[in-house]
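Reassemble the complex: the two chains are provided individually, in unrelated frames, and hints are given to aid placement.
Chain by chain, the residues:
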Amino acid sequence: MHNIQVKALLKRSFAILGICIMLAALLGGCASKKVDDPLADVKTYKDLNDPKYRVGVCNGTTEGAICEEVIPKAQRLYYNSYVDLLTAVESHKVDAIVGDDMTWIYYNVQTGGKIRILDGFLKPYEFGYIFSKKARGKELRDQLNEFLGKLEAEGTLEEITHIWMDESGARTLSVDYKSLPAKNGVVKVATTSTGPPFTYIENGIITGLDIDVISRFCQEYGYGLEVTDMQFDGLIPAVSTGKYDIGASAITITDERKESVDFSEPYYFGGTTAAVYNVNYGSDKSFPEKIKDSFRKTFIKEHRYRLFISGIIVTLLITLLSALFGTLLGFAVYMLCRNGNRAANAVTKICVRIIQMLPVIVMLMIFYYIVFANAPVSGAFVSTIVFSLTFGASVFGMLTSSINTIDRGQTEAAYALGFSNLRTFFKIVLPQAMKFFLPSYKSELVALIKATAVVGYIAVQDLTRVGDIVRSRTYEAFFPIISVAVIYFIMAWILILIVDRIEIKIDPKRRKRDDILKGVKTND
Amino acid sequence: MIELVHLRKSYDMGTPLKDVNVVINDGDVISVIGPSGTGKSTLLRCLNLIERPTSGQIIFDGEDITAPGYDISKARRKMGMVFQSFNLFGHLTVIENIMLAPMELLGTSKQDAYDEGMRLLHKVGLSDFALRYPDELSGGQKQRVAIARTLAMDPEVILFDEPTSALDPTMVGEVEAVIKDLAGSGKTLIIVTHEMRFARSICNRVFYMDQGGIYDDDIPEVIFDAPEKELTRRFIHQLKILEMFIESKTYDYLGEGAEIDRYCSKNQIPPKTANRIRLAIEELVHQILLPELSEPKIHVLVEYNEKNDKTVVKIRYNGPEFDPKTSGNELSLSLLRSAVSSFDHSVIAEGEYTNQIVFEQ
Numbered sequence: 003m004h005n006i007q008v009k010a011l012l013k014r015s016f017a018i019l020g021i022c023i024m025l026a027a028l029l030g031g032c033a034s035k036k037v038d039d040p041l042a043d044v045k046t047y048k049d050l051n052d053p054k055y056r057v058g059v060c061n062g063t064t065e066g067a068i069c070e071e072v073i074p075k076a077q078r079l080y081y082n083s084y085v086d087l088l089t090a091v092e093s094h095k096v097d098a099i100v101g102d103d104m105t106w107i108y109y110n111v112q113t114g115g116k117i118r119i120l121d122g123f124l125k126p127y128e129f130g131y132i133f134s135k136k137a138r139g140k141e142l143r144d145q146l147n148e149f150l151g152k153l154e155a156e157g158t159l160e161e162i163t164h165i166w167m168d169e170s171g172a173r174t175l176s177v178d179y180k181s182l183p184a185k186n187g188v189v190k191v192a193t194t195s196t197g198p199p200f201t202y203i204e205n206g207i208i209t210g211l212d213i214d215v216i217s218r219f220c221q222e223y224g225y226g227l228e229v230t231d232m233q234f235d236g237l238i239p240a241v242s243t244g245k246y247d248i249g250a251s252a253i254t255i256t257d258e259r260k261e262s263v264d265f266s267e268p269y270y271f272g273g274t275t276a277a278v279y280n281v282n283y284g285s286d287k288s289f290p291e292k293i294k295d296s297f298r299k300t301f302i303k304e305h306r307y308r309l310f311i312s313g314i315i316v317t318l319l320i321t322l323l324s325a326l327f328g329t330l331l332g333f334a335v336y337m338l339c340r341n342g343n344r345a346a347n348a349v350t351k352i353c354v355r356i357i358q359m360l361p362v363i364v365m366l367m368i369f370y371y372i373v374f375a376n377a378p379v380s381g382a383f384v385s386t387i388v389f390s391l392t393f394g395a396s397v398f399g400m401l402t403s404s405i406n407t408i409d410r411g412q413t414e415a416a417y418a419l420g421f422s423n424l425r426t427f428f429k430i431v432l433p434q435a436m437k438f439f440l441p442s443y444k445s446e447l448v449a450l451i452k453a454t455a456v457v458g459y460i461a462v463q464d465l466t467r468v469g470d471i472v473r474s475r476t477y478e479a480f481f482p483i484i485s486v487a488v489i490y491f492i493m494a495w496i497l498i499l500i501v502d503r504i505e506i507k508i509d510p511k512r513r514k515r516d517d518i519l520k521g522v523k524t525n526d
Numbered sequence: 471m472i473e474l475v476h477l478r479k480s481y482d483m484g485t486p487l488k489d490v491n492v493v494i495n496d497g498d499v500i501s502v503i504g505p506s507g508t509g510k511s512t513l514l515r516c517l518n519l520i521e522r523p524t525s526g527q528i529i530f531d532g533e534d535i536t537a538p539g540y541d542i543s544k545a546r547r548k549m550g551m552v553f554q555s556f557n558l559f560g561h562l563t564v565i566e567n568i569m570l571a572p573m574e575l576l577g578t579s580k581q582d583a584y585d586e587g588m589r590l591l592h593k594v595g596l597s598d599f600a601l602r603y604p605d606e607l608s609g610g611q612k613q614r615v616a617i618a619r620t621l622a623m624d625p626e627v628i629l630f631d632e633p634t635s636a637l638d639p640t641m642v643g644e645v646e647a648v649i650k651d652l653a654g655s656g657k658t659l660i661i662v663t664h665e666m667r668f669a670r671s672i673c674n675r676v677f678y679m680d681q682g683g684i685y686d687d688d689i690p691e692v693i694f695d696a697p698e699k700e701l702t703r704r705f706i707h708q709l710k711i712l713e714m715f716i717e718s719k720t721y722d723y724l725g726e727g728a729e730i731d732r733y734c735s736k737n738q739i740p741p742k743t744a745n746r747i748r749l750a751i752e753e754l755v756h757q758i759l760l761p762e763l764s765e766p767k768i769h770v771l772v773e774y775n776e777k778n779d780k781t782v783v784k785i786r787y788n789g790p791e792f793d794p795k796t797s798g799n800e801l802s803l804s805l806l807r808s809a810v811s812s813f814d815h816s817v818i819a820e821g822e823y824t825n826q827i828v829f830e831q
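Just so you know, the protein sequences line up as chains A and B, in that order. Position 322 of the first sequence, counting from 1, maps to 324 under the numbering used here, and the rest follow consecutively. Position 330 of the second sequence, counting from 1, maps to 800 under the numbering used here, and the rest follow consecutively.
Hint data in this document are derived by calculation from the structure and do not stem from the laboratory. Misleading hints may appear alongside valid ones.
Under the rule of at most 30 angstroms between Cα atoms (straight-line distance), these lysine-lysine pairs were calculated in the DSSO-like manner [as the list claims (entries may be wrong)]:
hint : chain 1 : residue 1 : chain 2 : residue 2
1    : B       : K580      : A       : K523
2    : B       : K593      : A       : K514
3    : A       : K511      : B       : K657
4    : B       : K767      : B       : K780
5    : B       : K780      : A       : K523
6    : B       : K488      : A       : K514
7    : A       : K429      : A       : K520
8    : B       : K580      : A       : K429
9    : B       : K657      : A       : K429
10   : A       : K429      : B       : K548
11   : A       : K507      : B       : K580
12   : B       : K548      : B       : K657
13   : B       : K580      : A       : K520
14   : A       : K444      : A       : K429
15   : B       : K593      : A       : K511
16   : B       : K767      : A       : K523
17   : B       : K719      : A       : K429
Which residues of chain A face chain B? A few of them, derived with a C-beta cut under 8 angstroms, are [to be verified]:
hint : residue
18   : T402
19   : S403
20   : A415
21   : L419
22   : K429
23   : P433
24   : K507
25   : I508
26   : P510
27   : K511
28   : V522
29   : K523
The beta carbon of each residue, even a glycine, is placed where N, CA and C say it ideally should be.
Chain B extracted, bound-state conformation (with noise of 0.2 angstroms):
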C-alpha cells in the first residue's frame, strides 16, 4: 500500500503537484491520464524518489521513505520503473541486463539470475536475443526487455512512464500485451498514458490528472463513459473550450468576435460553420440580450468536441426570466434562426446567472 500525503513538487518553473492525497491499494492497477504538463510523469518519478518531493509524505508499507535518513534504494528494489526511454545499459547484453540487479543488489547467484533471466525473456518473447546488445534491437524489443529487467527484481509495484510514447505505432501492441499479461498478477502497476483505450482496458482506477494534482479518481466505467466533473469530461471528450465574460454594455465586440474566429480557425472548424456561430451569438448578446439587461453578466462558453465534430454554444446570464424568441428584435430574431436551427431556453440558479441557451451547430 503507498499512502502520499500532501505531496508537494515545486520547481523553479513551476509547480506540478501542488497539494496530492491518495491511498493506492495493493494490486491496484491504475491509468494515470490527463493533459501534458499536470505532472502525470512527476507524480510517478516522486513515488520512488527520482524526483526528490518538496514536501510531504510518502508511505509505502507502512514506512515513511520521504523521511530524512531513510534509505531508498530498499524501498526501490520493490518498486520498479520502466522508462519512456527505455534506458537499458548499453555495455551489456540483454540477459546482462536483466541479471545485473538481482545478482549485484539480492546475491542471486549466476546460474540464478540467467535462468529467472532467461524465463522472463521467453514470458516477453525475446529469448533469442539473449546476447544482443540494446542497440540491435527495435524499439518494441527493448522495452519489453525494460520490463523483464524490472520484474527480474520481482517487484510489488511497477511504475510505467509512457512506456509507448517512443514507439512506433506498429510497436504499441507488443508492449501493450506485455504489460496487460502482468495486470492479472497481483502486482500493483501504476500506468501513466495517453493511450486511452489501452488504460480503459487494463485498469480497475482511473486518475485524471490537472490543476496540481489528482483532480479526478475513479473507476474506469465512470471516468470513461460517463464523467462526472467537468474537467474529465472536457478531456474525455477532448473537448476544445472557448469561454468569454461580457459585464458591461459597451464591451469591445469587435475583439471578441475576432477571438472566436481565432479559436474557430485554430479547431479547423469549416469558415461556414465558424460564420453561423459568431452570427448567432453576436445577434444574441449584442442585439438581443445587452439591451434587455440592466446590468449584464452574460458568460459564453463554446465547446468545439473533436470526435464527433459537433460545437455546443452555451450562453448564460442573469436578471428576470427571459426567452429570446420573446424579443421584441424581429431582425435580429430571424438572423439568429437563419444561423441555428434552434436554440433552447431554461432557468436556471448558478451564481448570479438564471437564464440559460443552448444550441449546437
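Next comes chain A alone, as it looks inside the complex (with noise of 0.2 angstroms):
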C-alpha cells in the first residue's frame, strides 16, 4: 500500500479511538451504579482517621493542613476546585471530601442531596475578604469594616446569609453591580467563581453572596466594582501586588495569609467540615434522559453556551494571535541572527533556552504578577504576550533546524551566480526549508493551542475555564469536561487542516506544468 495512505489510514483510526475512548467515558461516568455503601458505618468526621480512606481537599485552602492535624491518618489527595473535589467524590477517586460546610449544604440543596455530610466541625472557621497591605488597602478595609459593623448590628448580615444559604432563599444581588456609579472610583474585586454559593456564576454574570456584601458595600460608599474571575492560587498574589483592591472568596483567616494581606473583620462563621457520596443518592431516569439532562444543563439553561462561545473565542484568539506574533518573532530573530555575530548569537541562544525552559504556567505567574504588576492590561493579553514568547522561541528552534537540513552547496551555487546573500536565503533556502518547518510548525501549532488551557490561572475565561465553571454551576461531573474535549479536538483538527493545505500549497514539487511555464511560449 501507499506510504501515504497508511498514513492515512493510521490518522484515521486514532480518530476514532479517540471518539470511542470519549464515549466509553461519557457512558461509564453516566451509568448508574447500585452498591452497598462501604463508608456506611463512618458517621463523624473522626472515623475518617485511618490509612485506608481518601480524603480529598482542595489546593491553596487551608483544609489539607487541618486534615493532616485532625485526621492524620488518612491519605489526602489535593485537587484544584470544590467541583473537582465533588466529581472526585462521585467518580469515587476519594472516600470523602473536606471543605466548607456551607459549599456542601448549597450543593446539597441544588442536587437533592448527592453527598452526606459528615458530623462535627474538622475546625471551625471564620470568612474575611482580603486587601493589599499598601495605603489604599488599608484604606478599603477601614471603610468595609465599617460597613460590615454597620450590616451586623442592623441585622442585614444575617438577613443575606439567609438569602443565599437557605433552601428557600432568593439568591439574588441586591445590586447591579454592573452599573454602579464610580464617584470615588473603581473598586477591582478578585474572586473564584467556583465556591457557591459565596461566589459563582449565574446568566454569564459573577455572583454570590460574597459579591452582594461587596457590592452593598461599593453602593453605600460611591464606588464602581469590576469583579474578576480568577484560580484560587492566583488571589492573594492578585490582591497583595495591588492589582486587584478586594479578594472576596469564602477565604479563611489564617495568621499565614495575614503575613501577606490584610483581613477584614470575618464575616461569616462556619467549620471545615467532611462528607462522603451518598450511596443511596440515584436517580431513576434512563440513560438518554441522562444525557439529554446533562446536555441541557450544560448548555441550555442560562444560555451557558454563550459562556463556550466566548470561551471558544477566547482560546482561539490567544492562541492565533500567540501563533502570528510568534511566527513573526521567531522569523525575526532567526533573520537577526542569521548573519550576526557569535555574541548576539549566543545571546539570543540563551534567551530562547530560558523561554523554552520554563513551564508556561511559571512564565505567565512572571509576566501576570510581577512585569505587568502595575499596569492595567488584561490577562488575555499578558497570555498572547507570553504564548507568543514560547512560541517564538519554538519557531526560532525550528527555523533553525529545518534551513540547516539544506546543504551548504547550493548557498554557495547562488553567491557564484551572483545572488545577494539576502535573495540567496529567501529565493534558495528558504522554499526548501519549508518542507521540513511546515510539520514540526503544525504539531507545534497544535500543542499550542491545548497548552493555553492554563490561562484560567491568571483570570482569563478560556474554554477549559469554561467548562469549569459550568461544572461548578451544574455539579455536573463529567459532561462538560467531555464536551470541553470534543471541542478542543474539533478546534485542533482544522488547524491541521489548515497547515496541510498551506503545505500542499507551497510545495514547489506539486506544481503543475502550465505554472512553472506561465506566460512563457514554448515550441512542443
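Spelled out as C-alpha cells, the structure:
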C-alpha cells in the first residue's frame, strides 16, 4: 500500500479510537451503579482517621493542613477546586471530601442530596475579605470593616446569609453592580467563581454572597465595581501586589495569610466539614434522558452555550494571535541572528533556552504578577505575550534546524551566480526549508492550543475555565469535561487541516506544469 | 584578465595557499593539477570569494575585488562556477534552475530566459529534461545542467571545481565533452581536475600546485611530457619517493632497513625485488661507503614509478672521487652485483655531494 494511504488510515483509526474512548468515558460516568455503602459506618469526621480512607482537599485552602492535624492517618489527595472535589467523590477517586460546610449544604440543596455530610467541624473558621498592605488597601479595609459592623448591627448580615444559603433563599443580588456609579473611583475585586454560594456565575454574571456584600458596600461608599474571576491560588498574589483591591472568595482567616494580606473583620463563622458520597442517591431516569438532561444543563440552561462560545473565542484568539506574533518573532530573531556575530547569537540562544526551559504557567505568573504588576493589562493580553514568546522560541528553533538541513552547496552555487545573501536565503534556502519546517510547525500549533488551557490561572475565561465554571454551576461531573475535550479536538483538527492545505499549496514540487512556465511560449 | 597578488589563505588547521602570484589571461584554458591537499580547490574558491582570502589581492578586469566594500556579486556574475557536487537548486525544475539567475539578476524577461535556457539545454543534450527536478537526473545529467546554468549568465570566466570527481566513470565522458566544447569559445576556463588525459587534451596552460602555491606554471607539453621541476616530475610520473640521510658511522642501519621494507610493502613492490633493493643499499652504504668515508654524508633516494613498475635508487655521497667498483671489499661487491645487474658511478657537484651511484630494478 502507498505510504500516504497508510498514514491517512492510521490517522483515521486514531481519531475513531479517540472518539470511542470519549464515549466510553461518557457512558461509564453516567451509568448508575447500585452498590452497598462501603462507608456506612463512617458517621463523623473522626471515623475517617484511618489509612484506608482517601480524603480529597482543595489546593490553596487551609483544609489540607487541618486534615493533617485532625485526621492525620487518612490519605490526602489535592484537587484544584471544590467542583473537582465533588467530581472526585462522585467518581470514587476519593472516599470523603473536606471543605466549607456551607458549600456542601448548598450542593445538596442543588442536587437533592448527592453527598452525605458528616457530623462535626474539623475546625471552626471565619471568612474575611482580603486587602493589600498598601495605603489604598488599608483605607478600603477600614471602610469595609465599618460597613460590616453596620450590617451586623442592623441584622442585615443575617438576612443576606439567609438569602444565599437557605433552600428557600432568593439567591439574587440586591444591587446591579455592573452599573454602579464610580463617584469615588472603581474597586477591583478578585474572586474564584467556583465557590457557591459565596461566589459563582449565573447567567454569565459573577454572583453570590461575597459579591452581594461587596456590591452593597460599593453602593454605600460610591465606588464602581469591577469583578474578575481567577484561580483560587492566584487570589492572594493578585491582591497583595495591588493589582486588585479586594479578594472576596470565602477566604479563611489564617495567620499565614495575614503575612501577605490584610483581612477584614470576619463576616461568616462556619467550620471545615467532611462529606462522603451518598450511595442512596440515584436517579430513576434512563441513560438517554440523563444525557439529554446533562446537555440541557450544560448548554441550554441560563444560555450557557454563550459561555462556551466566548470561551472558544478567547482560546482561539489567544492561540491564533500567539501563533501569528510568535511566528513573526521567531522569524525576525532568526533573520537577525543569521549573519549576526557570535556574541549576539550566544545571547539569543540563551534567551531562547530560558523561554523554552520554563513552564508556561510559571512564565504566565511572572508576567502577570511581576512584569505587568502595575500596568492595566488583561490576562488575555499577558497570555498572548507569553505564548507569543514561547511559540517564537520554538519557531526559531524549528527554523534553525530545518534551514540547516539544506546543504551549504546550494547557497554557494547561488553566491557563485551572483545572488546576494538575502536573495539566496529567500529564493533558494527558505522555499526548500519549508518542507522540513511545516510538519513540526503543525504539531507546535496543536501543542499551543492545548497549552493555552492554563490561562485560567491568570483570570482568563478560556474554554477550559468555562468548562470549570459550568461544572461548578451544574454539578455535572463529566458532561462539561467531555464537551470541552470534543471542542478542543475539533479546533486542533481544523488547525491541522489548514496547515496541511498550506503545506500542499507551497510545495514547489506539486506545482502544475502549466504554472511553472506560465506566460512563456514553448515550441512543443 | 585576473591577477593574483601575494594571495594567502590560512585556516586554523594549516595554510594551503602561502603566497600565490599569477596572471591569468583572457581566453586561457588552465588545468590545475597537483596532489590532494595542496590548495587547488581553495585557490578556485578564493577567486570568486566563496572563500575569503586571508590577505593579498585579486584584480579582475582591472578592479580589486578583494577591496573592502566592493560588491562581489557584480564580479561573480562574470565569473561562473561549476561544483564537484553539482549544487542544483532542489526545489526548481531544470529549466527554472537555468532561468532563475538571468531573470533575478539581469532582469531578463521570462520568455528570453526560457529561450536561452532551452538553447543551452539543447547544447548540453538535455532539452527533453527541462521540466524534470534535479533529483530525477543522473550525476552526469546534473553536472551538464549545472554547466548550462552557469552559461546562462554568459560569464567571461568559468571555474570548474573537480567537475567529474563525483561521477560514475561511465558519465565522465559526457561532461568532459561539454567542457571541451567550451574550450574553443574564448571564455577563460580554470579547471581543477584529476583527469590528466582530459586536462592535457583541452588546456593551453597547466598549474601544478604544491608547497603552498603554484609550484609550476607551463604549457601542457612541458608539464606532461618533459616536466622540468622535480616535484612536477614526481607527480606526473606518479613516483613514490623514499629519502634517507646517513651522516654518522654509527647510524641505525636496522631501523633504516625496516623503513625500506615498509616503503616497499606500502607500494606493493614484490618481496623479491624489495629484498634486492634492501640488500644492495645495505652492502653499498654500510659495507663499502661507510668504511671509506671519514665524515660520511650520504643521501639515499628511492623512486618507485607506478606506471612502469620500475624502481630507481640514487645514492649520493661526499668525499673524494670513489667508485665502489674499485673497493677492496670483494665479498660485499659480489653480493651487490648479485642484487643489481649494473650500477653507474659518476662525479657530480651538488652542494656537499661529489659522487653519485644510480641503479635500477
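List, from low to high, the hint numbers that the structure doesn't satisfy. Per hint list: 3, 5, 6, 16, 17, 18, 19, 24, 25 violated.
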